[in-house]
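**Student:** Quick mapping for you: the protein sequence lines, in order, are chains A and B. For the first sequence, this note's numbering gives the first residue as 1, with consecutive numbering after it. For the second sequence, this note's numbering gives the first residue as 757, with consecutive numbering after it.
Any given hint could be a false lead.
So these bits of chain A aren't anywhere near chain B, every CB distance computed over 12 Å [claimed, not checked]:
hint	residue
1	Pro73
2	Val183
3	Arg196
4	Arg198
5	Lys271
6	Asn273
7	Asp304
8	Tyr380
9	Asn698
No more than 20 Å apart at the CA atoms, straight line, and that leaves these computed lysine to any residue pairs for SDA-like [said to hold, decoys possible]:
hint	chain 1	residue 1	chain 2	residue 2
10	A	Lys428	B	Thr1203
11	A	Lys481	A	Pro415
12	A	Lys692	A	Pro415
13	B	Lys999	A	Thr330
14	B	Lys1184	A	Glu167
15	B	Lys1135	A	Thr337
16	B	Lys1455	B	Asn1469
17	B	Lys1135	A	Arg173
18	A	Lys217	A	Gln249
19	A	Lys243	B	Ala1094
20	B	Lys991	A	Ser276
21	A	Lys243	B	Gly1494
22	B	Lys999	A	Thr337
23	B	Lys999	A	Ala338
24	B	Lys973	B	Arg929
25	A	Lys696	A	Lys711
26	B	Lys1184	A	Thr330
27	B	Lys1256	B	Trp1280
28	A	Lys379	B	Glu923
29	B	Lys1471	B	Lys1458
30	A	Lys753	A	Ser671
31	A	Lys379	B	Ser943
32	A	Lys243	B	Thr1093
33	B	Lys1135	A	Pro170
34	A	Lys379	B	Ala931
35	A	Lys428	A	Arg366
36	A	Lys428	B	Glu1214
37	A	Lys715	A	Asn689
38	A	Lys235	B	Ala1094
39	A	Lys243	B	Leu1091
40	B	Lys1256	B	Gly1269
None of these hints come from the bench; they were simulated from the model. Using N, Cα and C, we set each Cβ at its ideal position, and we do this for glycine too.
2 protein chains.
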Amino acid sequence: MRTIAILLYIFTICFVSQRLFAQPLHSYIDPLIGSEGKGNVFIGPSCPFGMVKPGPDNDSDSNSGYSPDTLKPIFGFSHVHVSGTGGGPKYGNVSVMPYMGAFTQIEQPSLRTDQKLEAGFYGTTLINGNIRVEITTSSKVAFHRYFFDGAGEQGIKIDLGKFLGEEPIPDAREAQQFVGSEVEIVSDTEICGYTRIRGGWNNGAAYTVYFHAVLDKPFASCGTWIGGTIYPKVKSQYDLYEKTGAFLQFEGESTIQMKVGISFISTLKAKQNIESEVPHWDFAKLLTETQARWEELLSRIVIDASSTPSQRTMFYTALYHTMLMPVDRTGENPLWTAEPYYDDFYAIWDTYRTSSPLLTLISPKRQADIVNAMLNIYKYDGYLPEGRSGNSNGRTQGGSNAAVVIADAYVKGVPGISYGTALRAMLKDATIPPGGNEEKEGRGGLTDYNRLGYVSNEFVRAGNRTLEYALNDYCLAQVAKGLGRMGEYRRFMQQSNNWKNLWRDVESEGSQGFIMPRDANGSWIDSIRCDRTEGRTSYVQFTPLAQDWPLCVCWWCGFFYEGNSWEYSFFVPHDVPGLIEKCGGSEAFRIRLDTFFANGYYDVGNEPSFLTPSLYHWIGRPDLSSDRIRSIVETHYNATPAGIPGNDDSGAMSSWLAFHMMGLYPNAGHSYYLITAPHFKQVTIHQENGKKFIIKANKLSKRNCYIQLVKLNGKPYEHTWIEHQNLMNGGELVFEMGPEPSIWGRNCLPPQKIYQ
Amino acid sequence: MRTIAILLYIFTICFVSQRLFAQPLHSYIDPLIGSEGKGNVFIGPSCPFGMVKPGPDNDSDSNSGYSPDTLKPIFGFSHVHVSGTGGGPKYGNVSVMPYMGAFTQIEQPSLRTDQKLEAGFYGTTLINGNIRVEITTSSKVAFHRYFFDGAGEQGIKIDLGKFLGEEPIPDAREAQQFVGSEVEIVSDTEICGYTRIRGGWNNGAAYTVYFHAVLDKPFASCGTWIGGTIYPKVKSQYDLYEKTGAFLQFEGESTIQMKVGISFISTLKAKQNIESEVPHWDFAKLLTETQARWEELLSRIVIDASSTPSQRTMFYTALYHTMLMPVDRTGENPLWTAEPYYDDFYAIWDTYRTSSPLLTLISPKRQADIVNAMLNIYKYDGYLPEGRSGNSNGRTQGGSNAAVVIADAYVKGVPGISYGTALRAMLKDATIPPGGNEEKEGRGGLTDYNRLGYVSNEFVRAGNRTLEYALNDYCLAQVAKGLGRMGEYRRFMQQSNNWKNLWRDVESEGSQGFIMPRDANGSWIDSIRCDRTEGRTSYVQFTPLAQDWPLCVCWWCGFFYEGNSWEYSFFVPHDVPGLIEKCGGSEAFRIRLDTFFANGYYDVGNEPSFLTPSLYHWIGRPDLSSDRIRSIVETHYNATPAGIPGNDDSGAMSSWLAFHMMGLYPNAGHSYYLITAPHFKQVTIHQENGKKFIIKANKLSKRNCYIQLVKLNGKPYEHTWIEHQNLMNGGELVFEMGPEPSIWGRNCLPPQKIYQ
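Given only the sequences and the hints, what does the whole structure look like? Please build it.
**Tutor:** In structure tokens, the structure reads:
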């Protein structure tokens, strides 16, 4: 497989990218984009969907372990991370740290300088002791090399007690909690052990990260610690539910290399991962292999050479971010043996909208693997994942959105998925309440939803749950229909109208009709009683602009999750025409959209409004969609470390950007992409089936940013959307661009929900 | 601790048992009782509540691994077992087997002969190769010794691919499923590894059993296998989701000893368990220590020397069986660190009735530990256990009966339990449906129960669920009241009458009124539609003698679990006077009880009718209770291998017997014991608080089996029950026995349910 990857890489270099750019596509990956501000991306090296993500930790409250603040010392380089997440951190396990001198204390922090990052590579210099650290990685093995000045005593510590998001309060919400650890120095070049942690953002059950580390030269002396006490020369510490670690001392070394194999099932498997993935000591070779793996995937979508370096960096880094997660843990599942196995769906609420569709475009085979992994989770764990991390389902923010991922694959004809099983899995979400912990999986408030047609205010997040369940029901119905299950099709198509049950005829800022809270008797709720009182009861008057969370009720306890009614009342992706009708028709809808953006109600940094800038398409104004999108991209995205406007959420923000730069935008669960003005003169999509689809934008310039007319395979094309099948078939979509909006698209609205 | 145990043992021998018997009490343990017929007891050595239970496996479909059939060859001695269970087997992990000759095939079965068993000891001779096997155990370490004839090549295999209840169909219900295994020969005397299994009776998630084995002499050669292929000289096999194992070859050895440390968290911990529990090679010393631990517990209840050897064997073996499970896994929890931790609640449906009360009598400290472990399970896993095994909750047969265990401890004043947490845990069971898998935990059909006051026929096991929830509600109410939570007290006392909602005025065999199925609209169900049709729909007419399971619907799908309405309509342990009223008064109730026993409707081998023989107490006829009990004991229990009439269910059947032999019987969840005619002239209960309570039966003989009069601490005692506090305070309960029933108890009925 690796040989094939390298050959493909060479092929790619020679015939694809080389033809367009002077350098390989992976060189446009800038791992620092999204590392400042809210992005929370992981900055260290990783393979596509790689299990091991080694990187610097200098902030244990940071979701990625990393803080751009150079005054925060690095306390270790740990091996498992997630990218772009919010809430309580997860992972940060098996922390290693080189240092100088004798090991007299467990903590060995150091400030850093001269950071260098590229795809598959992280380097920095630790100021304490002037140690250069360089790291690359395969899927399951990290390769470290440390450069010392060659004098004195060099040390490496491996700390199994470190992890992100620890809090002093036991069982604190969203905090990771220590369960156990173990370390064993098995020879003068080998150390193994594990760390076991539970909790974190998804409140997951305990997970165990095993490691086997091997050094390229023997250490001179060593020791271990447990529970804060250092034991020189003691070679192992067994699991007493205490924090353990090992330290290795060298003398007069100028370079030490270390490979750290990781496994989620055993130390021997971790060792075997080294043997099968990195059986050599050639750092440069591994780096080249890892970059080749990225190159192979990035080269599926080739943009033209006239793009700016900034644009290329933004685009290819966006693709890169989208393929960091979920994580391929096939062969590493401690729970069952059915394969494939992926973990770190973190969370599907974020990724169903654009990340999954982008992956389906780049590699339908990969997407089929991911969906099959989700079905295995349903089969062996009971429910499809919504959030999942550390081998444990949890949490749900709104809907059971795996249904959208499944329907998206189904309507796009992704092969190799058991859609019969998928339908059963979706039906479980839709019919069987998840019980005790409604944050874990399934549909919280389902009894209400199935009885009343909406989730009443007796349940938290009733607003977005109702809206998302309606979308999820639509998605379920599409698969049911395809499988000839017409009874279920009809039931769930009917239910997909349930969003209307929370539509209340109230006015706000000149617009009429909003999703509003309702009690189980059908009465509208005008004010929400707050949890937090200081001597007296307080209420929040509930208006379309009101926000009950997090000040009146907890972050997770509002009527909407991370939004207000202005934002969520646009969220009916499966029935935009129905929504427009409810809003009072096209003109009222346009005014409403304009008000939304003009008044700053749009939240660029979160997923609920991902589709909103494109809604102008449904009133025949794709030019206005393009205006909004261009403005958002120009204002909020760039190629700097602060270039992602919100939590990247496993690549959700990045994939939104990537689609819009191409001029396509998916409505997840539907077979089409909306067409908007592209940011590139040419985009070539190399399909996994061997065919290619080219998008050309003739005369595109900063001024000529409006689509004048469109041709598909040489014929005039009036639709403002294009079917996935058109892309799969190969062909050419050509835009003529001009300086003013045209009438293209005004009389041909995107597909409506059809209920037969 | 061990030293104290030995001192206590010596003390016991000298001052307690020695005074009465010529031999120690543990010598009356016969591990074979219950090993034939339906008992399913584990026959190998075990400490009280011991984690390691090494024993012979010669039937992989047997719940204990053991079959009395000497024509079934032993295929290994595995290290984890449960005792007395039914349904699909669990455990049977880390299987070792000595053999003679070269290792040319993985299977090394042998017939056995000369089996010898005692508390803490199992010995047999393997006919193949004439190898004597002897095993004893500490809590976490098994000590094997093998005697060979000293010539030729000796071998020991350690098989990580063996476990009980494997089936060829993947994911078969109640079957254990293989997940992974690993083995490593770490020196010429040490082997470690693990086996990982999921499923089994409780459909549990994957659990991992780690081991570290150490030999008293080095082997001459070795090898391993994986997936059926043997690799001589290869010293390790990593986890490929394949079955692995190791074999060790010796030459000319006549004795080989091996200690196998077991852990549920790691191989190093397994090794450490050997170092901390069995740091020596003295088999006899370990056996003595283990027997001393049993002696200490058995000597808490001393029966008089005039009892027959059979009676002593039955009684002390019953105590022994009651203390095999649940299993103390403190320090061995891979999920969280809060202690104590017990596993193998298998199932509380069986053990809440008599096992928990017996343990509370023998060692309230132990019972507090067990309840606290249950509360930790609630706290970290979400729900109290009902069934739990392999670190995984599941399954429920009827109620959420942990509530009875908690209330039983509460009303008996067991200290050291956070009853506030316990109330929260019970309230969760009673108010929050368990969701997706209603067999796992919590209360299935709860939405019905809380809405309708009964579980409708839309849920399986609606009959016994309703009855058990009513009892559980009563138990919850007792704790709520004690904590001053009067709102919850009133609500759940009210709900404890819910059994009446399924009481239907139908006639059967001369008795009137039975628990019958009802639909969600309140209509009675007359016939049940069967699942299994052959061409046409079939029904079962539902009468009080009808049984819909397992022929019409599945075993778990009937209206009652493992019973019919005649049996279950006696099940209102918290309101027997209310039940008598419903049945038409005392005389009708007596006739009904008589009919029940005379017509053979009583199922001696299962738990639902445990209390039924004692119900005569509530109509003032304790003599009739005693008649029934004596007859049951004489007919169905004895000191032979077939001496337990049903699955012993972790000692449920055994503890029922032990109580009745003492002349006491608990109504779990209540603070009293019913008094029946004892089987011994004297029983001395040595309390953990240092006080002793003596029960004397003057003139007791086969003929003089009726209580004439009773004195408590010298004063006439008219109650036919005695409070737990009376026992705790120490004292003497003296019966005068005679040949005819007396009027004792006729005018003084047991406590009624009082609702204030």
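**Student:** Could you check the structure against the hints above and give me the numbers of any it violates, in ascending order?
**Tutor:** Numbers 2, 3, 4, 5, 6, 8, 14, 15, 21, 24, 26, 29, 31, 35, 37, 38 - these are the hints that the structure violates, sorted from lowest upward.
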